[in-house]
Amino acid sequence: HGVGASVVNALSDWLEVSVHKNGKIYQMKFSRGEITQEIRIIGDTDRTGTVVRFHPDPGIFDETVFDYKTLHTHMREQAFLNAGLKIITEDRRCGHEQKDEMCYEGGIREFVSFINRNKTQRHNDVIYMYGEKEGSEAEIALQYNDGYNEIIVSFANNIHTAEGGMHETGFKTALTRILNAY
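Here the numbering used here is used: position 2 in the sequence shown is 6, and no number is missing along the way.
Careful, some of the hints might be misleading.
Said to hold, decoys possible - Heads up, simulated BS3-like pairs for lysine-lysine below, C-alpha to C-alpha not over 27 angstroms straight-line: (1) LYS25 <-> LYS103; (2) LYS25 <-> LYS90; (3) LYS73 <-> LYS137; (4) LYS73 <-> LYS123.
In short, the hints are calculated from the structure, not lab data.
I would like the entire structure built from these sequences, with the hints used as guidance.
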């Protein structure tokens, strides 16, 4: 949705971005929305990827305790949505140390399998569709199980749309029409 990094930057007493690309590590630093270090090369690398580190501004927030489970769940969704992307979540707080690495080559197919892992599936393979039209992309994965309730998890631009939206309503309407016509 285009506001994530700028909002975090404005609400942090420091933010550091390191990008591993083309054999070099590029770094830029910010404080309270202002650049404190212009982009510069700080080393060589054989990796690719981006590392973002920040500290919430105590002048804005009274309490800055992060819930690792909430962050990990969000990062796991991002790893499913971006097939092949490796995401590492790490908690370095004393007494809370943990680190998780996530990479799902199967993308949202694996996400559906993950959601259905404790259910009896009605068919083995996850149904998967991908399409692109006029610059917009859509990706759909589904699998029926023995449950009585539907589980629909939808996203728009990698943002979880917990309350649905027209993209979800349109999909459900189209699927119902297809099944009724069958």
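Restraint check for LYS25 with LYS103, where alpha carbons must lie at most 27 angstroms apart: Given that 27 angstroms is the threshold and the Cα spacing comes to 24 angstroms, the pair holds.
Agreement of LYS73 and LYS137 with the hint, judged by alpha carbon distance not exceeding 27 angstroms: violated (36 angstroms)
27 angstroms Cα cutoff - pair LYS25, LYS90: holds (15 angstroms)
LYS73 paired with LYS123 [C-alpha distance capped at 27 angstroms]: holds (23 angstroms)
In summary, the structure is inconsistent with hint 3 from the numbered list given earlier, while agreeing with all the others.
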